[in-house]
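Peer 1: Here's the letter readout for the chains.
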Amino acid sequence: MSDTQTNSSVAFVQTEQIPPSPPPASEVGIVNWLRSKLFYSIPSSVMTLLAIAFIYWLCSIILPWVFNGVWDATSIRDCRDQLQGATGGCFAVISERWPQLIFGNYPADEYWRAVLALIGLFVALAPVLFFNLPRQLLWFTGLFPFIAYWLIWGGSLWVSIFALVGVVVGFFVFRALSERSFFGAIVAGIFATLLFWIFLTPALSGALSGIIPLMLVPVESRFIGGFMINFILGTSGIALSLPLGIALALGRQSNLPIIKGICVVFIEFIRGVPLITLLFVASVMLAYFLPPGTTFDLVLRVIIMVTLFAAAYIAEAIRGGLAALSRGQYEAADSLGLDYWQAMRLIILPQALKISIPSIVNIAIGLFKDTTLVSIISMFDVLGMIQGPILSSTEWFGVYWELLAFAGLLFFVFCYGISQYSQWLERQLNTGHR
Amino acid sequence: MTTFSDPPPTSGPPTQAFSLGMLINDTRYRGYTFQFIALCALIFFFGWMIWNAIQNLAALGQDIDFSFLGQPASYEIDQKLIPYTSTDSHMRAAFVGLLNTLLVAFLGCITATIFGVIAGVLRLSNNWLIAKIMSLYVEIFRNIPVLIWIVIVSSVMSQALPSPRAFRGETPEATMAFWDSVAFTNRGVYVPAPVWNNGSWVVVAVFLLSIVAIFALRSYSKKLLFETGRLIPTGWPSVALFFIPSILAFYIMGKPIGLDYPSLGGFNFIGGMNLRGTLIALWFALALYTGAFIAENVRAGILAVSKGQTEAAAALGLRPNRIMSLIILPQALRVIIPPLISQYLNLTKNSSLAAAIGYMDLTGTLGGVTLNQTGRSFECVLLLMLFYLIISLSISALMNIYNNAVKLKER
Numbered sequence: 004m005s006d007t008q009t010n011s012s013v014a015f016v017q018t019e020q021i022p023p024s025p026p027p028a029s030e031v032g033i034v035n036w037l038r039s040k041l042f043y044s045i046p047s048s049v050m051t052l053l054a055i056a057f058i059y060w061l062c063s064i065i066l067p068w069v070f071n072g073v074w075d076a077t078s079i080r081d082c083r084d085q086l087q088g089a090t091g092g093c094f095a096v097i098s099e100r101w102p103q104l105i106f107g108n109y110p111a112d113e114y115w116r117a118v119l120a121l122i123g124l125f126v127a128l129a130p131v132l133f134f135n136l137p138r139q140l141l142w143f144t145g146l147f148p149f150i151a152y153w154l155i156w157g158g159s160l161w162v163s164i165f166a167l168v169g170v171v172v173g174f175f176v177f178r179a180l181s182e183r184s185f186f187g188a189i190v191a192g193i194f195a196t197l198l199f200w201i202f203l204t205p206a207l208s209g210a211l212s213g214i215i216p217l218m219l220v221p222v223e224s225r226f227i228g229g230f231m232i233n234f235i236l237g238t239s240g241i242a243l244s245l246p247l248g249i250a251l252a253l254g255r256q257s258n259l260p261i262i263k264g265i266c267v268v269f270i271e272f273i274r275g276v277p278l279i280t281l282l283f284v285a286s287v288m289l290a291y292f293l294p295p296g297t298t299f300d301l302v303l304r305v306i307i308m309v310t311l312f313a314a315a316y317i318a319e320a321i322r323g324g325l326a327a328l329s330r331g332q333y334e335a336a337d338s339l340g341l342d343y344w345q346a347m348r349l350i351i352l353p354q355a356l357k358i359s360i361p362s363i364v365n366i367a368i369g370l371f372k373d374t375t376l377v378s379i380i381s382m383f384d385v386l387g388m389i390q391g392p393i394l395s396s397t398e399w400f401g402v403y404w405e406l407l408a409f410a411g412l413l414f415f416v417f418c419y420g421i422s423q424y425s426q427w428l429e430r431q432l433n434t435g436h437r
Numbered sequence: 024m025t026t027f028s029d030p031p032p033t034s035g036p037p038t039q040a041f042s043l044g045m046l047i048n049d050t051r052y053r054g055y056t057f058q059f060i061a062l063c064a065l066i067f068f069f070g071w072m073i074w075n076a077i078q079n080l081a082a083l084g085q086d087i088d089f090s091f092l093g094q095p096a097s098y099e100i101d102q103k104l105i106p107y108t109s110t111d112s113h114m115r116a117a118f119v120g121l122l123n124t125l126l127v128a129f130l131g132c133i134t135a136t137i138f139g140v141i142a143g144v145l146r147l148s149n150n151w152l153i154a155k156i157m158s159l160y161v162e163i164f165r166n167i168p169v170l171i172w173i174v175i176v177s178s179v180m181s182q183a184l185p186s187p188r189a190f191r192g193e194t195p196e197a198t199m200a201f202w203d204s205v206a207f208t209n210r211g212v213y214v215p216a217p218v219w220n221n222g223s224w225v226v227v228a229v230f231l232l233s234i235v236a237i238f239a240l241r242s243y244s245k246k247l248l249f250e251t252g253r254l255i256p257t258g259w260p261s262v263a264l265f266f267i268p269s270i271l272a273f274y275i276m277g278k279p280i281g282l283d284y285p286s287l288g289g290f291n292f293i294g295g296m297n298l299r300g301t302l303i304a305l306w307f308a309l310a311l312y313t314g315a316f317i318a319e320n321v322r323a324g325i326l327a328v329s330k331g332q333t334e335a336a337a338a339l340g341l342r343p344n345r346i347m348s349l350i351i352l353p354q355a356l357r358v359i360i361p362p363l364i365s366q367y368l369n370l371t372k373n374s375s376l377a378a379a380i381g382y383m384d385l386t387g388t389l390g391g392v393t394l395n396q397t398g399r400s401f402e403c404v405l406l407l408m409l410f411y412l413i414i415s416l417s418i419s420a421l422m423n424i425y426n427n428a429v430k431l432k433e434r
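So the sequences go chain by chain: A and B. For the first sequence, my numbering gives the first residue as 4, with consecutive numbering after it. For the second sequence, my numbering gives the first residue as 24, with consecutive numbering after it.
Treat the hints loosely; a few may be bogus.
[Claimed, not checked] Quick list of in silico lysine-lysine cross-link-like pairs, PhoX-like style, CA-CA up to 25 Å:
#, chain 1, residue 1, chain 2, residue 2
1, A, K40, B, K155
2, A, K263, A, K357
3, B, K330, A, K40
4, B, K330, B, K155
[Stated by the list, open to error] Far from chain A, some chain B residues (derived; all Cβ distances over 12 Å):
#, residue
5, A61
6, E162
7, P217
8, I270
9, S348
Just so you know, the hints here were simulated from the structure itself, not pulled from any lab data. For clarity, every value in this text was computed on a predicted model and none was experimentally measured. C-beta: ideal position from N, C-alpha, C; glycine also.
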């Protein structure tokens, strides 16, 4: 067959290659995108149209409210006069009351202290969150809690200094004993710190502040409120609950039945009751359990309960990480002759903590959101401020949506930021073991 | 055959005289020492706290006494599932609150599951716009505190809805929705209430029986398929079984079940059933919030089933809906259910935030009005924790039973 073809005269031979023709208009650009992403089938087209209608409806409500909003007014009546019946938000309440929303009833002359503490918090968190920053910054992170306490609550700097000295003393006790027994050294260090705090700090700081005052105007806890208290509770709750959570997780995994039992009961109890009941305990019950005559600051009581609450959840997250490690890791550590604490510190925990980072970050976000619950036990956090003093004031009675949207936006910015950070961190730590 | 050079017969390792130092330095005993110390510290700590509590209570002239539970509560509860008046005891008020907690938790869990499954599946949709809207829903609800959502939804219920007065007049400002059967007002939502006349139990019994029949048909068809390979249709027969017997019974018994529609009377609606705004606010706020978390679990569960499973099933010749129901879903469910249980638990615990909007749940009655009226904070908070602990532990026990049933049976 092929012979006949070669012999016959060829009428036409294509000598150059035909240039590729452009793809049909429906297969490129915006049309293709619409066809393949939005209108690829009849149900999909219906859904897309419904979604567009929904978006239009939402925008027709929200956009006029936002863009027609009044930012400069003295009261809600003033707002309504300026709007003259048109739709529009009364955002003037935010511009007028934002110090209350952020700082609560903190004295206005001392706002700089809170702002400074907030900036300090970011500087202190930076080396913890980003590993490629200079490690020397961690010194500041260590000092920050004492500085922040002094800035926010005021009083004499010597209290903070001697609290810090107590920690240093505890550290040296730990250093001196850690050769003998790691666990014993930790316990002894904590004891030394506590003893120093209880017996030496008040006396020494009282004596020295008599000589060199170094005073800031003291601010009582009941004046601390607004978004600031959410921040204080959230950060201190997470920072304090991490070590406690690790201890509880190790206790729950341990093979000592009594230790394990204590940890299991504690974790299951805390996880079984809502946070609000623990806050009730902080506000009405905790005072009963302290020696007669001791008065405990409400903020401190709430921090204790929030810490216990978060610690139980963090313990479960870390237990997940411990369980995810292969048995071989434990056995390898044993066969190297490491004792329990060495194995945990050098082999097990670094890997387990890495696995549990996403869940720990989720717990941190959850705890930060849950700090709004203190408004129920009548602390004036950002939500308590809105529902209490602002909405019940004669000027701003009935300005619900603007205030709630503002509070929601504040939380959204921070929580979304944290969750994005955690995803970034997961990619950074993904060293390909799993 | 004992010779002089043989070592003396011993059983086990050489015994060593016990010394006190071994309690710390010998790993065989160290565990016991630590546990003993921990136990002593714990007992000492609790003893110290209880001692303090006794001292404090004595100083205040109080005692621990639960008899206040028997005294009349003398406050009203607007949303109740069982009869209750203000002359009933605090105990009954707490029980009404407990039922309200369970009601909102039950409704919330079902609605949250529906929202979550829809959002989770649609977030994986090929439709770009739908997927983006669902991501937006998930991110917005996950990153804003649930208490703020509860307050927002409750403000919608109390501020944005018309008052019953707006429904009156020749040209009312507001009209009832769903063919004049449901009225959304700022005093709650009025929905038609079922009226049970004589013979209605027959209809209910037939309905329940038909549901049993559907399950029986499904398990029979599965058994038939596995034994003989013959596939009988179940879809349409199930739908028919669901509707036809009940409707037939309804008409044969002479329409025993009626609906009592709400209607305007005076300044308010009369008739029908009034769902309080606080209940609806709490229900929907919790469902939307938890739904966003469930959506993420559902998405993760579906993504966890490897693509090879779908391809293998397709290679075996299964149709797409059978691939979904026989291959993908059973495997995805195994991943979804454990986090789903903890979301249900979270929802139940978050329902205690009802206190913020005045829904009378357990926290509102026992931890709210009763606590403030009697001043017995100690007893009230203890009982409150106990109730929640029982609810949480029983939910997780039930769910764990279910989880074990669907778990992968390993070797």
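Peer 1: Does each hint fit the structure? Answer for all of them.
Peer 2: Against the structure, the hints come out as follows:
1. A:K40 with B:K155: Within the cut-off at roughly 12 Å; holds.
2. A:K263 with A:K357: holds, 23 Å
3. B:K330 with A:K40: Roughly 21 Å between the alpha carbons, so the hint for B:K330 and A:K40 holds.
4. B:K330 with B:K155: holds, 23 Å
5. A61: violated, 6 Å
6. E162: violated, 7 Å
7. P217: holds, 32 Å
8. I270: Holds, because the least Cβ-Cβ distance between B:I270 and chain A comes to about 30 Å, which exceeds 12 Å.
9. S348: Correct as stated: the minimum Cβ-Cβ distance to chain A is 19 Å, above 12 Å.
Taken one by one, the earlier hints fail for this structure at numbers 5 and 6, listed in ascending order.
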